[in-house]
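Peer 1: Protein chains in written order, with numbering that gives the first Met the number 0: chain H, 0 to 288; chain E, 0 to 191.
A few of these clues could be false.
[Claimed, not checked] Label pairs and their computed distance ranges (CB to CB):
#, chain 1, residue 1, chain 2, residue 2, range
1, H, I163, E, G39, 53 to 63 Å
2, H, T81, E, L24, 31 to 41 Å
3, H, V213, E, G157, 17 to 27 Å
4, H, F129, E, E10, 43 to 53 Å
5, H, E32, E, K30, 51 to 61 Å
6, E, R78, H, A254, 48 to 58 Å
7, H, T285, E, Q32, 39 to 49 Å
8, H, P103, E, R78, 30 to 40 Å
9, H, G256, E, R190, 44 to 54 Å
Think of the hints as simulated: they come from the structure by calculation, not from any bench.
Where a beta carbon is used, it is the ideal one built from N, C-alpha and C, also for glycine.
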Amino acid sequence: MPITYDIVRKAARDLYGWSLKKVPDDTLAALAEARTRETNPASQKTLDFMRAAALAAEREDRHACSDAGFPTYFVKVGTRLTLDGDIRRAFVDGFADLVATIQPPILKFITHPLTLERSYEGRDMPILSFDILDGADYIEITCSPKALGSGRWADLKVFSYPKIAEIEEYFMQCVLAAGSQHCPPVVIGMGIGGSFDHAAKMAKRATLRRIGSVHDDPMVRDMETRLLAAVNRTGFGPMGTGGDTTALAVHVDYAHGHGFVPVAVCFNCWINRRTTLRIADDGTVTRVE
Amino acid sequence: MVGETVLLDGEVAATAGLPAHQRLLEALDGKRQMPFPLAGGAMFHLGSSCREEAGRWLPNYVNPTTSTRFDAFMPRIIRELQLTSIGGKGGMDNACVEAMKDAGCVYFSMPGGASPLLSNGVAERIETGWNDLIEQFRLSRFRLDGFGPVTVAIDAHGHSIYHTLQEQAANRLPDILKGLEEARRSIDLRRR
Chain H
0 MPITYDIVRK AARDLYGWSL KKVPDDTLAA LAEARTRETN PASQKTLDFM
50 RAAALAAERE DRHACSDAGF PTYFVKVGTR LTLDGDIRRA FVDGFADLVA
100 TIQPPILKFI THPLTLERSY EGRDMPILSF DILDGADYIE ITCSPKALGS
150 GRWADLKVFS YPKIAEIEEY FMQCVLAAGS QHCPPVVIGM GIGGSFDHAA
200 KMAKRATLRR IGSVHDDPMV RDMETRLLAA VNRTGFGPMG TGGDTTALAV
250 HVDYAHGHGF VPVAVCFNCW INRRTTLRIA DDGTVTRVE
Chain E
0 MVGETVLLDG EVAATAGLPA HQRLLEALDG KRQMPFPLAG GAMFHLGSSC
50 REEAGRWLPN YVNPTTSTRF DAFMPRIIRE LQLTSIGGKG GMDNACVEAM
100 KDAGCVYFSM PGGASPLLSN GVAERIETGW NDLIEQFRLS RFRLDGFGPV
150 TVAIDAHGHS IYHTLQEQAA NRLPDILKGL EEARRSIDLR RR
């Protein structure tokens, strides 16, 4: 049995809907862990409130945030499976299904970049990114809604033959530019190298990595550890009103490129909305998170 | 006092929309009517969705939006309406802080993304104005009952937690960068 348009359409709808009403488990755990280290009493209260609100969202089937943003889907397609139907269209229609059925309803956030007109649909919406998984007999789809609150602070700079110190200084400049405004504590992604577009994609994908997971390259692992400590020394704190917890994680990835080195930095707000499922070649759907 | 955490009761005007801010300026210029009086009141940068139940409008969800989006509009709005409080997230720029000082106005930082608990502090939506706009862009009037906790992040005397923290982070940056350099060096030594 192939993976059909109907299965993918339902998956697209479900993933976006789930992501709006649940804070991922790794993020909840990271908040709890941050609470044990936080020394600022007001920030301890803020972290407690965040965690209680996140648990209430899941328990009471309520929106974590009023801003549903727009859905982005990261789709990994195995090479040992059969697809049937218009798969790209399935994501557009699944998004429309969610808009039509979710309770309480979501507000209009899809914004025309030139007229600023708002809608529930639009050109290239939802944002799709595809990758190939050699040898796999399943599709894995991750949905990550994105909104202005943390989205507007992403940045990209192209260096030529940079030293690591220059890359890390630029990263810190991005952190200071965002300051208190991106609903911290955030998850920060940084993509280094490759091409202009690839660096941005790596940064975004890095934010989707589970908090606590480790990069396979020790050089990157060390960089993530020291950058996380550096960010948390800035003092912006939960909701940017001061404290020790400005970031829950820093995730870095890199690709080989040329002498020019694009460096992209982006942020996910503390609710870190993300859901993932797998569709096997026989049509079985398994929710991963 | 800056840093103080409080719960709020009372009435507040709220919007998450640029168009509503543009219309507020037009109203101040006498080119448009205010949908309801705002002078001397509270105004929140807040997105919201409500449902009607037995003749009352109850919140589905509310959540702060980024206040700096409205920095260009707010000094005039604060001064000419003599607002007493603003609410939102992320703070506002120095021109707004100065206007708040002149008007005797404070800024409340609300937790973003904590909508289920924050919404519990909204008793009802009393009315909306400029209803040709989409729901979160309208000017809405809410009655709050134990809304928060919110943090006083800018006071009426020109003190801004955001300004202080930004300055503190900038002052710490040279040390932070030095710390990064030392961490890199110690890894290099370990690998040798």
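Peer 1: Now look at each hint and say whether the structure bears it out.
Peer 2: Consistency of the hints with the structure:
| no. | hint | verdict |
| --- | --- | --- |
| 1 | I163(H) / G39(E): 53 to 63 Å | holds, 55 Å |
| 2 | T81(H) / L24(E): 31 to 41 Å | violated, 59 Å |
| 3 | V213(H) / G157(E): 17 to 27 Å | violated, 46 Å |
| 4 | F129(H) / E10(E): 43 to 53 Å | holds, 50 Å |
| 5 | E32(H) / K30(E): 51 to 61 Å | holds, 54 Å |
| 6 | R78(E) / A254(H): 48 to 58 Å | holds, 51 Å |
| 7 | T285(H) / Q32(E): 39 to 49 Å | violated, 56 Å |
| 8 | P103(H) / R78(E): 30 to 40 Å | holds, 37 Å |
| 9 | G256(H) / R190(E): 44 to 54 Å | violated, 24 Å |
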